[in-house]
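K.L.:
Spelled out from the first residue to the last, the chains are:
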Amino acid sequence: MEFVQQLVNGISLGSIYALLALGYTMVYGIVKLINFAHGDVFMVGAFIGFYSVTVFHFSFFPALLLAMAVCAVFGVLIERIAYKPLRNATRIAALITAIGVSLFIEYGTIYLRGAQPEAYPSNVLPEKNINIFGVTINSQSLLILFTSIVLMIVLQFIVHRTKVGKAMRAVSYDAEAARLMGISVDRTISATFAIGSALAGAAGVIFGIYYTKIDPLMGIIPGLKAFVAAVLGGIGIIPGAMVGGLLLGVIESLVSAMGFSLWRDGAAFIVLILLLIFRPSGLFGKNVREKV
Amino acid sequence: MKKKFSSITLTLLFSTVLMAGCGASSTTGGSASNGKTIKVGADLELSGNVASYGQSIAEGFALALDDINKKGIDGKKIELIKADNKSDAAEATSTAIKLVSQDKVAVLVGSATSTNTLAQVQVAQDNKIPLITPTATNPEVTVKGGKLNDYVFRTCFIDPFQGTVAANFAADQLKVKKAAILIDSSSDYAKGLASAFEKSFKKTGGKIVSKEAYVAKDTDFHATLTRIKGENPQFIYLPGYYEEVGLIVKQAREIGLNVPIMGGDGWDSPKLVKIAGPKALNNTYITNHYSSGDPDQKIQKFVKKFKAKYNGDSPDAFNALGYDTAYLLADAIKRAGSTDPEKIKKALEDTKNLELVSGTLTFDKDHNPIKSASILEYKDGKQVFKTKVNP
Amino acid sequence: MMTIRHTKGFWLSIILALAAFAVVQILINGQILNSFYLNTLFLIGINIILAVSLHLIIGITGQFSIGHAGFLAVGAYASAIMTMKFQLPFSAALLIGGVAAAVAGLIIGIPTLRLKGDYLAIATLGFGEILRIALLNIDYVGGASGMQVSHFTTWPWVFACTLIAIVVIANFTNSRHGRACISVRENEIAADAMGINTTFYKVVAFVIGAFFAGVAGGLYSHNFYIIQPTNFGFLKSFDILIFVVLGGLGSMSGAVISAILLTIISTFLQDYPETRMVIYSLVLILMMLFRPQGLMGTKELATFFKERAAEGGTNHDNKQTVA
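These protein sequence lines map, in sequence, to chains A, B and C.
Going by the numbering used here, the final residue of the first sequence carries number 290, and the count climbs one at a time with no gaps.
Going by the numbering used here, the final residue of the second sequence carries number 841, and the count climbs one at a time with no gaps.
Going by the numbering used here, the final residue of the third sequence carries number 324, and the count climbs one at a time with no gaps.
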């Protein structure tokens, strides 16, 4: 009984990680960059959602869509300003820039509005406790899971059934060849960032509704965990990110369930280290040998 | 390589001389009091995860200064120098050092939490500057390892008292026999309260069925709460700070855990109601230093003054204790008849039966006040005065 | 074995170093430098040690490690345990702190050997976090509420440790071991092919870097009265990273100079923490976009003097930048 409850907890948490992991994996697949700032786009989405609900009195879906739209634009901006000029630089330079962008967004937000957290009003989504076989499930968790699944299905559709998606897959395979085929690599990369950031924004709003409290530094730890989830599923592989996210959420819940709640955050990192040592290609990835 | 090495030493030397030069030429502030003002340094949490407390204390203190400085103390006014320790212990130490050596204050006030106050104790002792904490409740602040930190005082009661009051309330009034404890692992305050509660609750014949902990700044407590639920407690003792408490209470109700939950003064913040929502907070209680609903005349006068200055907001316990600390200090300075930190320290020690908003204050030999506690219940998001417990 | 060559500048440097030490000591005894400035000076010393130790790992050996705060934490806690729980003298505690951190460096260095670039970065970050979370859970050291530590850090200690750190790492860099590390940085596969034991040197870099970070940790913990795991998170790792990046990845004097500069700036901006971080992050971004070699690239202060002396400026140094 308790186990099932913990499982439910884990899947709710995991669907948020999955949404974030999707953005990481898409961006890494296409430009081989770990976008440290992704967690902060998530945070921006949460705040946009908060302000649209409290100041403009939007309901759930309009707030969600607005957050996704703003984050998409924001993501493209970051890419254009900070990452594009470094596309041919060393990986260390790109990584340092990503760290810099992440810190800039976090502390810029604190500078603008202070570090105090905000609380999402509790009436955005209906809150009812549903009892199934002794397991209490909150209607919010169900709606969150539902929204995440819908978004992931939409993403799969975009990637496999549209031209933009085809371009994304082509560029991640071989950017030069794609360029020769007439695909605008720049635009494709921007589109990737846009979609990934939109998903992060959605995750932010969902997080805000489920966990109520949002603050400017909220994106750091979920961002890192989502990266672990992406690696877990195989970095660059989209279904892998989804599975990785859900799996990580469940692992975390189980760690808490076994009484080690103080180790929860550590669980994700331990998973990461084990992965990197024993199976760096993740669950669904293929091992690529390095050529000299 | 050696050239480079010498150039590095040159740079080091240069910068030290530079700083020494700055230090010598700009001895800011001068002496602790230049005849007209008495400098008081407040090392408070004005930002960070318990900013609500520090800011409330500052508000209360400032309100008291309005009245005190109207006439001044023997013609001298109290000048409050505020400094933010960002709710961080290392910052609290650095800030205390800065206040004492740069601003040359005569008295230190702060912090709101026990951990951040502990970080200042050594600075106060080493520099022989009295330190008064308005709200740090951990006993180790004044007495560590059997030794009294003789420059340190506090305006509030200590943790063992709060924990005991809560345990007796649970056993006698709520009549529960099985309790669960959930503490903030990063807080000396929470640990102190929990251990006092556990000892007293067991003495009444009750049983602790579950002991769990969480990390500050965490947002997801479902798993831990589910574990607690599995042990079927009749009561949960949750002596944490408002940010996590709000989420925990909300999530507890979400998974169907509707038993009474009780905490301490760490719950006391308007943000708590915002985070948890009024519905979730029904059937929760706290021990607190005072209640704005207490019909006592002195308290109501204070409430009126506070509302007048701060847009009709009702003062919480941190406001009240900040206010009281200012009066405690003013009383001591008046009796000392001087602004010398040593004399102020002696006068503080001798404080007897001082009438304050949060009760009548007399220091015991450990520089802790002997005061009463109030128990409040949350009804529809508002604190309602339930009962007062005397030591 | 490493030999210290007694060149012309050697005695000059010794005298300068002793002079610097004496000047400050006099200022302290004369009460001119009050505890606030002293605190800042100590922080500068500690940050210099941290910067040069990370410089060895990233700048010289090219291993992108961003979990350095973990070594700082191990050193801080280990030395604190020695003084507070076992009543050992401060000197022993510092040494043990360094050794404990070195062991941590060994433990972290070996599994991460075959990782490169981004993965190495994230793995080291992960290790740093695991260390922090582990400390959060160990009640023996106070867990999350931290541990109170007596004040033992004094100017002679800070000065001595900083000096030793700089001398050792500078010597290491100029020895054949240091050159081996540089070759690992430049092209690991080629270095391997040339017969250099890349595994050994990567681990050595981690161990030495970690040792000095541990010593810095000992100085740090005995200065602030109380240490908590939250002080040693990835934000602290980034703080140290900025010293090295700003100074120039590959330049030790750059690391030292930027450590001094940034510590002083940070102390002035103490009242405006958000501004400080916003400035830091902008510095990082702009540096990478416009001057990825940092303030000094891979050059050292000495080469400026040398180049001025030699007409036309002969170029001894490796012009390639790491970033």
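If you are wondering where the hints come from, they were derived from the structure by calculation, not from laboratory data.
Glycine included, each C-beta is placed from N, C-alpha and C at the ideal position.
Careful: at least some of the hints might be erroneous.
[Unchecked claim] Calculated pairs, DSSO-like style, for lysine-lysine (alpha carbon to alpha carbon, straight line, at most 27 angstroms):
(1) K597/B - K86/C
(2) K667/B - K237/C
(3) K527/B - K578/B
[Said to hold, decoys possible] Chain C stretches covered by chain B per the calculated footprint, using a threshold of three residues with CB under 8 angstroms from any CB of chain B:
(4) 139 to 147
(5) 215 to 229
[Claimed, not checked] Now the stretches of chain B that chain C is said to cover, found in silico as 3 or more residues with beta-carbon under 8 angstroms:
(6) 558 to 570
(7) 634 to 642
K.L.:
None of the hints should be skipped; say for each whether it holds.
P.N.:
Hint check results:
no., hint, result
1, K597/B - K86/C, "holds (18 angstroms)"
2, K667/B - K237/C, "holds (18 angstroms)"
3, K527/B - K578/B, "holds (22 angstroms)"
4, 139 to 147, "holds (count 4)"
5, 215 to 229, "holds (count 5)"
6, 558 to 570, "holds (count 3)"
7, 634 to 642, "holds (count 6)"
Hint compliance for this structure: no hint is broken.
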